[in-house]
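Student: Could you build the full structure based on these sequences and the hints that come with them?
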Amino acid sequence: MKRLKYILMTLCLSATGILQAQQSMKSLMDEKRENREANYAKWGPTSDHDGMGFVVRAGYVIGGTSPLPLPAEIRKINEFSPRGGFSLGIDGYKFFNMRWGLSAGLRFFMQGMHTGANVKDYGMSIVMGEDEVSGNFTGTDITETRMSGFTIPVMATYRIGARWTFNLGPYFSYWIYRDFNGHVFDGYLREGSPTGQKITISADNPAFYDFSDDMRRCSWGMEFCADFRVREHLNVFGLLDWGLSDVFQDDFQTVTFPMYPIYATLGVAYYY
Amino acid sequence: MKRLFFGLSLVSVLGLASCIQDEPLNSECDIEQAIVVTDDPEAWLLNASEAVKDQPSADTAIVFYLREEFLDENYEGWERLKNVAINFRLTPGATITPANGSTHDFTQGGVLYHITSEDGAFHRDYRVMFVPIQPLEINYSFENFRWEPANRFREWFEYSDHGSVIDIWATGNPGFAISKSSASPEEYPTIPWDNESISGHCVKLETHDTGLFGAMMNMRIAAGNLFIGTFDVANALQNAMAATRFGLPFNQKPRRFEGYYKFKPGKDFQNRAGVIQEGRIDDPDLYAVLYENTDENGQTFTLQGDNVLTHPNIVALARVTDRVHDFDNWTHFDIPFEYYKDIEDDRLKTYGYSLAVVFTSSIEGASFCGAVGSTLLVDEVKVICEEDENE
Numbered sequence: 000m001k002r003l004k005y006i007l008m009t010l011c012l013s014a015t016g017i018l019q020a021q022q023s024m025k026s027l028m029d030e031k032r033e034n035r036e037a038n039y040a041k042w043g044p045t046s047d048h049d050g051m052g053f054v055v056r057a058g059y060v061i062g063g064t065s066p067l068p069l070p071a072e073i074r075k076i077n078e079f080s081p082r083g084g085f086s087l088g089i090d091g092y093k094f095f096n097m098r099w100g101l102s103a104g105l106r107f108f109m110q111g112m113h114t115g116a117n118v119k120d121y122g123m124s125i126v127m128g129e130d131e132v133s134g135n136f137t138g139t140d141i142t143e144t145r146m147s148g149f150t151i152p153v154m155a156t157y158r159i160g161a162r163w164t165f166n167l168g169p170y171f172s173y174w175i176y177r178d179f180n181g182h183v184f185d186g187y188l189r190e191g192s193p194t195g196q197k198i199t200i201s202a203d204n205p206a207f208y209d210f211s212d213d214m215r216r217c218s219w220g221m222e223f224c225a226d227f228r229v230r231e232h233l234n235v236f237g238l239l240d241w242g243l244s245d246v247f248q249d250d251f252q253t254v255t256f257p258m259y260p261i262y263a264t265l266g267v268a269y270y271y
Numbered sequence: 000m001k002r003l004f005f006g007l008s009l010v011s012v013l014g015l016a017s018c019i020q021d022e023p024l025n026s027e028c029d030i031e032q033a034i035v036v037t038d039d040p041e042a043w044l045l046n047a048s049e050a051v052k053d054q055p056s057a058d059t060a061i062v063f064y065l066r067e068e069f070l071d072e073n074y075e076g077w078e079r080l081k082n083v084a085i086n087f088r089l090t091p092g093a094t095i096t097p098a099n100g101s102t103h104d105f106t107q108g109g110v111l112y113h114i115t116s117e118d119g120a121f122h123r124d125y126r127v128m129f130v131p132i133q134p135l136e137i138n139y140s141f142e143n144f145r146w147e148p149a150n151r152f153r154e155w156f157e158y159s160d161h162g163s164v165i166d167i168w169a170t171g172n173p174g175f176a177i178s179k180s181s182a183s184p185e186e187y188p189t190i191p192w193d194n195e196s197i198s199g200h201c202v203k204l205e206t207h208d209t210g211l212f213g214a215m216m217n218m219r220i221a222a223g224n225l226f227i228g229t230f231d232v233a234n235a236l237q238n239a240m241a242a243t244r245f246g247l248p249f250n251q252k253p254r255r256f257e258g259y260y261k262f263k264p265g266k267d268f269q270n271r272a273g274v275i276q277e278g279r280i281d282d283p284d285l286y287a288v289l290y291e292n293t294d295e296n297g298q299t300f301t302l303q304g305d306n307v308l309t310h311p312n313i314v315a316l317a318r319v320t321d322r323v324h325d326f327d328n329w330t331h332f333d334i335p336f337e338y339y340k341d342i343e344d345d346r347l348k349t350y351g352y353s354l355a356v357v358f359t360s361s362i363e364g365a366s367f368c369g370a371v372g373s374t375l376l377v378d379e380v381k382v383i384c385e386e387d388e389n390e
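Quick note, the sequences are listed as chains A and B, same order.
With numbering that gives the first Met the number 0 as the guide, the letters of the first sequence map in order to residues 0 to 271.
With numbering that gives the first Met the number 0 as the guide, the letters of the second sequence map in order to residues 0 to 390.
Hints in this document: simulated from the structure, not taken from any laboratory.
We put the CB at the ideal spot given by N, CA and C, even for glycine.
Where hints are given, some of them may not hold.
[Said to hold, decoys possible] Computed beta-carbon distance windows for the label pairs:
1) 217/A to 276/B: 55 to 63 Å
2) 129/A to 100/B: 31 to 39 Å
3) 84/B to 244/A: 58 to 66 Å
4) 280/B to 78/A: 42 to 50 Å
5) 126/B to 129/A: 45 to 53 Å
6) 113/A to 92/B: 27 to 35 Å
Tutor: This is the structure:
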């Protein structure tokens with residue numbers, strides 16, 4: 000009988016222990032969630048899980064316009080410098096729960112680059128009016144391009160932590176101003192094919208081109224944006240606009256490969 | 000912040016650089032230079048520098064000129080033509096058959112060489128010939144012309160005493176073809192013309208606009224031109240003055256330059272920048288020039304656009320100076336050669352002088368100044384030489 004008493008006591012004690020352990024675990028988890036929620040609320044953007052508001056973004060744009068992948072004919076990038084500028088915009092956002100939301104915005108931007116490359120046996124054709132020079136160019140090319148206009152991104156928003164938010168979605172751009180010009184030199188063109196007439200184009204007398212008017216006005220692509228909250232209401236962000244439409248119009252034949260604008264913006268954002 | 004942007008752009012450059020793919024194999028298959036292996040070139044070739052030929056990229060015929068004695072088919076010198084080796088400089092990676100430097104018999108009309116590009120995708124056939132130099136034709140009626148290989152424009156030539164075609168004439172038409180690919184054959188600066196000729200055909204030279212490409216290269220007009228010599232298209236954009244290579248070897252003493260022309264100036268004379276020069280009226284230019292065709296080191300010398308009237312190698316010049324603007328009637332000219340130096344008979348005998356006959360519809364056309372529409376017709380031109388005069 001005494002033995003039974005011991006066994007029961009032990010069982011009771013252990014059951015209580017398990018219960019107690021469970022209870023303490025639950026309270027710990029609750030506390031954590033509360034902490035997390037408090038943390039999320041603290042870092043914003045809003046204290047509500049399904050809040051909405053605005054973000055004002057200001058940043059500096061760097062990047063380039065490039066064929067993808069780089070063709071084998073491009074032998075060497077001699078120089079590259081961004082000719083960007085600032086970007087200024089406002090996003091409206093709406094969270095559906097603690098993590099997921101949607102944002103859409105309107106931004107003014109300036110993008111551009113200056114690049115010099117050595118090319119070998121590069122198939123090209125330059126069409127001007129009714130006239131055309133086509134063939135294979137070996138030599139140096141310098142290109143400069145600038146665009147400015149408006150972008151409308153529509154993105155899904157995901158809070159990966161209290162301080163980090165990722166956004167991903169399509170964007171649509173309208174270019175108010177666009178410029179694409181350059182010159183080729185220090186090389187030669189084989190007219191028609193590699194066995195055609197060789198035409199020397201020297202550094203003293205380069206051939207200039209300007210395809211600005213052949214650029215599109217409307218383009219689209221995908222935007223990825225990462226926000227990191229450094230203070231309440233204040234973010235730093237990095238944003239990548241990956242163009243998926245050729246910068247040139249569809250009927251433009253001169254540059255035989257599509258070129259895509261790929262520009263990043265780094266800046267600060269303020270949450271309301 | 001600036002440093003950050005610099006760092007980021009550096010990263011993007013490196014990123015791009017790392018995307019650079021393996022270098023493609025070369026697709027060109029040219030003979031760039033041909034060198035005859037010989038210790039005594041002057042003993043059988045036209046002159047000492049004749050053994051080395053820089054080959055124009057568009058041309059697949061390589062011609063080495065032999066001394067005049069070779070005009071005799073039984074000349075003993077022909078024996079050595081049975082064993083001649085030629086070294087070729089090819090575009091990088093290209094291969095040649097028969098082998099580079101191999102010995103061949105060139106007495107049977109020449110030898111064919113087959114060049115294949117490094118990537119194997121392209122090939123060209125070159126014919127190498129040895130041809131005796133022949134006296135240059137001196138009566139020009141402009142009746143002999145043909146289509147260039149791509150049928151875009153016409154080329155003029157003369158027949159030798161043996162009836163073979165000799166390409167003595169050149170025009171700037173190949174350069175115009177680059178800038179105005181849309182031009183019809185009749186829209187080229189130099190075309191045959193039969194409406195108003197003295198006899199048969201005459202040649203019509205007209206200054207044309209070169210369009211947007213011309214403006215791109217700062218070469219807005221193309222004067223119609225026709226000259227004895229060659230036009231180096233490869234240099235047409237790089238150094239237009241060097242592209243017109245005037246003159247071919249000559250062995251006579253010219254006395255007079257004679258012929259007929261009609262000229263009307265275009266409306267607006269423009270400078271190189273395309274700016275209209277108020278009050279300036281365009282003029283044609285017609286001249287014949289004789290010059291020493293080797294320099295002090297014995298190397299081949301050729302007059303070109305920027306020195307054709309000024310170089311110290313010039314021996315004699317006959318130039319039409321009273322440029323009549325009359326498009327209704329033919330103007331006859333007969334200009335004596337003015338000599339600046341004495342002719343050396345030995346040099347003359349070995350074709351050590353070259354003769355260039357030059358016509359252009361805009362006198363400053365070589366510098367791309369002139370009036371679009373300036374038109375020069377030329378017909379029945381003669382270079383009268385000493386022997387002819389004595390006859």
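Student: Give a verdict on every hint.
Tutor: Taking the hints in turn, this is what the structure says about them:
1. Hint check: residue 217/A to residue 276/B, Cβ distance near 45 Å, so the stated range 55 to 63 Å is violated.
2. A hinted range of 31 to 39 Å is violated for the C-beta pair residue 129/A and residue 100/B, which are about 48 Å apart.
3. Our hint of 58 to 66 Å for residue 84/B and residue 244/A holds, since their Cβ atoms are close to 59 Å apart.
4. Evaluation of the 42 to 50 Å hint for residue 280/B and residue 78/A yields a pass: the beta carbon distance comes to about 48 Å.
5. Taking 45 to 53 Å as the suggested C-beta distance range, the pair residue 126/B and residue 129/A does not conform, at roughly 36 Å.
6. The hinted window of 27 to 35 Å between residue 113/A and residue 92/B holds, with their beta carbons roughly 33 Å apart.
When each numbered hint is compared with the structure, violations occur for hints 1, 2, 5.
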